[in-house]
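Asks: Those protein sequences? They're chains A and B, same order as listed. Per my numbering, residue 1 is the first one in the first sequence, and the count goes up by one each step. Per my numbering, residue 1 is the first one in the second sequence, and the count goes up by one each step.
It is possible that part of the hints are untrue.
With the Cβ distance kept under 10 Å, some of the chain A side facing chain B (calculated, not the full set) [as the list claims (entries may be wrong)]:
no.	residue
1	Val77
2	Arg521
3	Thr595
4	Gly598
5	Tyr599
6	Ala604
7	Phe608
In case anyone wonders, no lab produced these hints; they're calculated from the structure. Using N, Cα and C, we set each Cβ at its ideal position, and we do this for glycine too.
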Amino acid sequence: MLELSWLLIAIPLAGAALLLLWGQRSDAFGHLIATAASAAAFVLGLVMFVELLGREADDRSVTSTLGTWIETARFHVEFAFTVDQLSSLFVLLITGVGTLIHVYSIGYMAHDERRRRFFAYLNLFVAAMLTLVLAADYLVLFLGWEGVGLASYLLIGFWQHKPSAAAAANKAFIMNRIGDVGMVIAIMTMFATFGTTSIAAVNGAVGDVSATTATALGLLLLLGACGKSAQVPLQAWLLDAMEGPTPVSALIHAATMVTAGVYLVVRSAGIYDASEVARTFVIVVGLVTLLVGAWIGCAKDDIKKVLAGSTMSQIGYMMLAAGLGPAGYAFAIFHLLTHGFFKANMFLGAGSVMHAMDDDVDMRHYGALRRAMPITFATFGLGYLAIIGFPGMSGFFSKDKIIEAALAHNLWIGLGAMIGAAITAFYMTRLMMMTFFGERRWRDRVHPHESPSVMTVPLIVLAALSVLGGALYLGNWIGDWLEPVAGHAEHHELPAPVIVIQLAVVALVAAGVALAVWLFRSDVPDTAPADTDVSILTRAGRHEIYTNEVNGVLAVFPVRYLTRFLVWLDARGIDGLVTGTADRIGEASQGLRATQTGYVRSYALGIFGGALVVVLGLLAVTLG
Amino acid sequence: MTEYITLSFLLFTIGAVGVLVRRNAIVVFMCVELMLNATNLAFVSFARQHGNLDGQTAAFFVMVVAAAEVVIGLAIIVSIYRTRRSASVDEANLLKA
Chain A
1 MLELSWLLIA IPLAGAALLL LWGQRSDAFG HLIATAASAA AFVLGLVMFV ELLGREADDR
61 SVTSTLGTWI ETARFHVEFA FTVDQLSSLF VLLITGVGTL IHVYSIGYMA HDERRRRFFA
121 YLNLFVAAML TLVLAADYLV LFLGWEGVGL ASYLLIGFWQ HKPSAAAAAN KAFIMNRIGD
181 VGMVIAIMTM FATFGTTSIA AVNGAVGDVS ATTATALGLL LLLGACGKSA QVPLQAWLLD
241 AMEGPTPVSA LIHAATMVTA GVYLVVRSAG IYDASEVART FVIVVGLVTL LVGAWIGCAK
301 DDIKKVLAGS TMSQIGYMML AAGLGPAGYA FAIFHLLTHG FFKANMFLGA GSVMHAMDDD
361 VDMRHYGALR RAMPITFATF GLGYLAIIGF PGMSGFFSKD KIIEAALAHN LWIGLGAMIG
421 AAITAFYMTR LMMMTFFGER RWRDRVHPHE SPSVMTVPLI VLAALSVLGG ALYLGNWIGD
481 WLEPVAGHAE HHELPAPVIV IQLAVVALVA AGVALAVWLF RSDVPDTAPA DTDVSILTRA
541 GRHEIYTNEV NGVLAVFPVR YLTRFLVWLD ARGIDGLVTG TADRIGEASQ GLRATQTGYV
601 RSYALGIFGG ALVVVLGLLA VTLG
Chain B
1 MTEYITLSFL LFTIGAVGVL VRRNAIVVFM CVELMLNATN LAFVSFARQH GNLDGQTAAF
61 FVMVVAAAEV VIGLAIIVSI YRTRRSASVD EANLLKA
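With the hints as constraints, model all of the structure from the sequences given.
Replies: What follows is the structure, encoded as structure tokens:
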């Protein structure tokens, strides 16, 4: 059964091809085909997972080869897919959450006349994401990596009639390309150094090469991961990506695609184990992003952008954990899974709210929705408790383990992660207070109502997973399960007993919650205060810490002027040479034309002059 | 001898200037004839001086050509005059762009 891993990719890919090629005739039932394809992949993934569970620990990695992709004398790439402990968890997350979001989208996109196309892109995304996580070769991984980028581009810009959506899609695509340059150079470096790009071979051999090469590979892969996972400094695209339909934000920009960077780092454990410097960079990137994302989340009024900032922040936690080496890999994946559950849940909940509020995303127009939308409120509330780390919820375990691992590594990094937890509690409570509590601040003619059951059932399932996801940690199951992939975690001395740390984190979270409850307990103005009336922290957060401006000055501005210079060079230089030659010939012809006066006597003068020249010439020759 | 050549030179010059400055086609034509005859004079003078017949022969050729030219040229001038009511060479400018 495990040799059939290619089927996991083929089923949704066939679904996408069918829907796109069949065209309008499949409008009526296309969404059912797509959902069935995703569900079939999930069932297959589940069967494979159960089979893996039944095997011995050292027999759980099965690589099957579908065929040869590139065959030259020195370079050999095979379409090989690996099912192992890490990729099987991802397969379940992608197809499981993916199927729920397919179901939800049936309701959410019901009134969109391009729904079939939407489902085709979703299936394409699932296929590409599965290629990414199943690949046994960095080049095949890169194929999936670009595939999810394409699907993300198509889906962010799905409402292409909105210029803002088209611009956001371009922004995401271009910023991802910057990261991909790192990936491409990393893959080329692997080929130059090891002569192969197989993931197992590269990670096995990287310990034997110089530390410089390992560091370079680590940093280049980190650049790729930063682009895909919206980590500082390539984070600016994620907030704009919220222009896409909300199920897309839930699936691609919260649960799965943006976590591909974390997957890449964990999958390249061999490379990062070989380079302390690269690991430190991963930690710094993660820590900075987790604080920046939380900061942005505190300032935004757009519900989806708060969640997007939160996503950045939570992926920052995962990156931070991945940078800790074997001590953190399992916790990074653990948090990735629980985050996949509760963030998808909350994004879909936000979509349900938007659905009820006529696609208004401004939380200042919400308020008191808990009575109007009880199921959405209840499921969102469970996701909320999970993300802030309420004791017993999935997020409590996964975030707490990361904070403990960070504290064991370095006190300051651990403290940074703890402060991040407090800010998370603050901005999520702010979101809850502004959306579900307080006064009604609804616009006219808005009548909130609960969403249909096709949308609420996925919410309920995801809410249940958000609560129960912590069970993966029971008896350190996930740590033991991933140990063959992630390496053995050494036991580190913590600066304080575990219970003290947990209490401190809970106290910080409670402080964040209390502050937000107190600040937003009532009278939230239904229009945002002007930039000049808010603190400098809020102003910076609203402007995404001015990163767009920094990007504009550092990248967009020089490139734009370079382009203008090149256009000028083309128009004046190259075109000038070509048209200039023609112009000179034309002008010379005009001059010659003036000698053709049409007067007989001027021609006669020409003849006489010519004759005189001939005679003088003859005389000069004969006499001289 | 010099006198003949001087006369021939003067006649040719008068003819050439006439061709260049006059506008009436008939006068231009007469000036052309003047130039041809000035050349004829030079031919026969030199033939006389050198005592051979080459110059005389050339003079006959010139006369024949001149006669033919007069026939064609006058015919053209008459025909232009008929259509355009003018014998001015400056007004015969249809080919000018």
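Asks: Each hint: holds or not?
Replies: Now for the hints, and whether the structure bears them out:
no., hint, verdict
1, Val77, "violated (70 Å)"
2, Arg521, "violated (91 Å)"
3, Thr595, "violated (12 Å)"
4, Gly598, "holds (3 Å)"
5, Tyr599, "holds (6 Å)"
6, Ala604, "holds (5 Å)"
7, Phe608, "holds (6 Å)"
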